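Go by the hints and put chain B onto chain A.
Quick note, the sequences are listed as chains A and B, same order.
The first sequence begins at 1 in the working numbering and counts up one residue at a time.
The second sequence begins at 290 in the working numbering and counts up one residue at a time.
For the record, the hints were derived by calculation from the structure and aren't laboratory data.
Because the structure is a prediction, the values reported are computed rather than measured.
Please note that the accuracy of each hint is not assured.
[What the hints assert, rightly or not] Which chain A residues face chain B? A few, computed with CB under 7 Å, are given here:
| # | residue |
| --- | --- |
| 1 | HIS40 |
| 2 | GLY48 |
| 3 | ARG53 |
Just so it is clear, CB atoms sit at the ideal spot from N, CA and C, and this is done for glycine as well.
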Amino acid sequence: MILLLLRLFRIVASTRPRNASARPDAPDGPGPGRVSLVLHQARYDLLGVLRDRQGRFFTMVLPLIFLVIFVGIFGNNTVGPEHVKASTYYVPGLTAMAVIAGSFVNLVISVTAQRESGVLKRRRATPVPAWVVIGGRALTAIAISAATSTVLLVVGRVAYGVQLPTSTIPAVALTIIAGSATFCVLGYAVSTAIGSEDSAQPVTQAIMLPLYFISGVFIPNPSLPQWLQDVARVFPVSHLAAALHHAYDPSVHGAGFMWSDLGVLAAWAAIGLAVALRRFAWAATAAPA
Amino acid sequence: MTTISETLSATPVRAGQPAGGEEPVIAVRGLRKRYADLEAVRGVDLEVRRGEIFAFLGPNGAGKTTVVEILEGFRERTEGDVTVLGADPARAGGAWRDRVGVVLQESSPEPGLTVRECLELYAGYYRAPRPIDETIALVGLSGKADTPGEALSGGQRRRLDVALALVGDPELIFLDEPTTGFDPSARRAAWDVVTGLRDLGKTVFLTTHYMDEAEHLADRIAVIVDGEIVATGTPASLGGRDRMPASIRFTPPAGAGALPASLRPLAETDANGALTLRSDAPLAHVQMLAEWACAGGFDLSDLDVRRPTLEEVYLSLTTADRKDRS
Numbered sequence: 001m002i003l004l005l006l007r008l009f010r011i012v013a014s015t016r017p018r019n020a021s022a023r024p025d026a027p028d029g030p031g032p033g034r035v036s037l038v039l040h041q042a043r044y045d046l047l048g049v050l051r052d053r054q055g056r057f058f059t060m061v062l063p064l065i066f067l068v069i070f071v072g073i074f075g076n077n078t079v080g081p082e083h084v085k086a087s088t089y090y091v092p093g094l095t096a097m098a099v100i101a102g103s104f105v106n107l108v109i110s111v112t113a114q115r116e117s118g119v120l121k122r123r124r125a126t127p128v129p130a131w132v133v134i135g136g137r138a139l140t141a142i143a144i145s146a147a148t149s150t151v152l153l154v155v156g157r158v159a160y161g162v163q164l165p166t167s168t169i170p171a172v173a174l175t176i177i178a179g180s181a182t183f184c185v186l187g188y189a190v191s192t193a194i195g196s197e198d199s200a201q202p203v204t205q206a207i208m209l210p211l212y213f214i215s216g217v218f219i220p221n222p223s224l225p226q227w228l229q230d231v232a233r234v235f236p237v238s239h240l241a242a243a244l245h246h247a248y249d250p251s252v253h254g255a256g257f258m259w260s261d262l263g264v265l266a267a268w269a270a271i272g273l274a275v276a277l278r279r280f281a282w283a284a285t286a287a288p289a
Numbered sequence: 290m291t292t293i294s295e296t297l298s299a300t301p302v303r304a305g306q307p308a309g310g311e312e313p314v315i316a317v318r319g320l321r322k323r324y325a326d327l328e329a330v331r332g333v334d335l336e337v338r339r340g341e342i343f344a345f346l347g348p349n350g351a352g353k354t355t356v357v358e359i360l361e362g363f364r365e366r367t368e369g370d371v372t373v374l375g376a377d378p379a380r381a382g383g384a385w386r387d388r389v390g391v392v393l394q395e396s397s398p399e400p401g402l403t404v405r406e407c408l409e410l411y412a413g414y415y416r417a418p419r420p421i422d423e424t425i426a427l428v429g430l431s432g433k434a435d436t437p438g439e440a441l442s443g444g445q446r447r448r449l450d451v452a453l454a455l456v457g458d459p460e461l462i463f464l465d466e467p468t469t470g471f472d473p474s475a476r477r478a479a480w481d482v483v484t485g486l487r488d489l490g491k492t493v494f495l496t497t498h499y500m501d502e503a504e505h506l507a508d509r510i511a512v513i514v515d516g517e518i519v520a521t522g523t524p525a526s527l528g529g530r531d532r533m534p535a536s537i538r539f540t541p542p543a544g545a546g547a548l549p550a551s552l553r554p555l556a557e558t559d560a561n562g563a564l565t566l567r568s569d570a571p572l573a574h575v576q577m578l579a580e581w582a583c584a585g586g587f588d589l590s591d592l593d594v595r596r597p598t599l600e601e602v603y604l605s606l607t608t609a610d611r612k613d614r615s
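Next up, chain A with everything else stripped away, as it sits in the complex:
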């Protein structure tokens, strides 16, 4: 997945030829090292996201509120196919939601807004390479998803005694990062279909809310009719949730990697990448004049 993301950056970087330099002796690209420039970009993107009250609520607070509500409703009943405690079910389920909110929803909204308000175009007018802008924003999304997931994990542990098996910590970490990267790519793809900042929030919610309901995020999957389960299996949300549920399952022994689910996520990332590369635009489409 990381490799795929790196490839995305390389391809995007190569979409703008940068050979005809006016100073043939000058090295191409800006002064600072390339990787440190991504961190530089991510640092300021992160500041921007953290200072946005609405974004903060939807990405970081709402999953926590849902956790409290769902555990409150189901108490200590056992739920889900693995018959685990409600809290043990909902911590990974809402971690999936947090990953999607931080990567997909927040990224679609901010990228659309930045495209429509000229921010992306202004950055494009500077020497910063395309992949730095795109990669910095994706890194921001991954950091936010990871942070919110950690908060859920800690709250689950402290408030509800949800134990994450030590052996599956690498699996959980990889799933969160891979899921976050996948939903970043999908976010870039979906942002190309949204024409205005105002419609970004409703569109992302219209996509994600039904998927949360049928993908085991809000309601355990087996309580759904078979055809809904089949529909859910097509989309990436159920696979992210399933991989996280599996890793949190106390009966699991071993590393807990769900390669089949991660494979489906990778396939979705590839689709998103193809769409994003074909359609991504740096500026609002204006009438020629």
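Leaving out everything else, chain B in the frame of chain A:
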């Protein structure tokens, strides 16, 4: 603005920049741009020299934005040669962008960042950025350095845009309608900033709808109408302005009698009884008027001798051209 002159005196022109007189900063020859069903730019030639402020004027839909975006490297051209700072903007990369600053017609501040943070972000993009506080002072935003960009007024946002375009210390700056929507004092402040850019040795490519702005700032002007350049020149000479007749306007007092015979064919009377002479020889004609008034024992207290304004020249260029075509 004292801040500007102070900052400028502390900042000499970047060493190694050759003086004027050599290869132009922007050279455009035979530029054409066709969209599906319309040719927006139809054979444009332009030349912008180092260190000058060049104003590019034209009505909406005349092809102005298309030309500017081609020069900025945002649009591909259909035909023609375009060289900006020695490179083709359509193929130029990071090293070229390092030398060019762009102030877009519309762009919001970076979301969530203060003025200083916006500049820190952009300074990181460039190889040799200007000092941040000095750049903020240059656009007169020192008092707002820690204010969120989104909390600035319209005029302050524009100045932040200029600061973001300047922080990389570019040689060439594109300013696309930099003062649209400004109140008169904000416009004056912005003009000071632009004049300051010339003093720094920068080349400025400016588009504007305001003729007073072009007149105040520009060394040279080009006017584009329907995709073609219809006039190029200094503000004083554009469209033959320096050779156009002057207007001599006055209200003859009651009982002044008839005008001197040689002036009569030049005169037009308006509804208020004021006379306007279209004069190719204003000094001689004013002298004749003076002799006429002295002889009659009266004065012409509202006498006004005026060159055609840049706005009048512009309107005649843009409307005349349109009439020819329709």
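We went through each hint and held it up to the structure:
1. HIS40: 4 Å, holds
2. GLY48: A/GLY48 check passes; min Cβ-Cβ to chain B is 3 Å, inside 7 Å.
3. ARG53: With a minimum Cβ separation of about 10 Å from chain B (threshold 7 Å), the hint on A/ARG53 is violated.
Violated hints amount to a single one, hint 3; each of the other numbered hints is respected by the structure.
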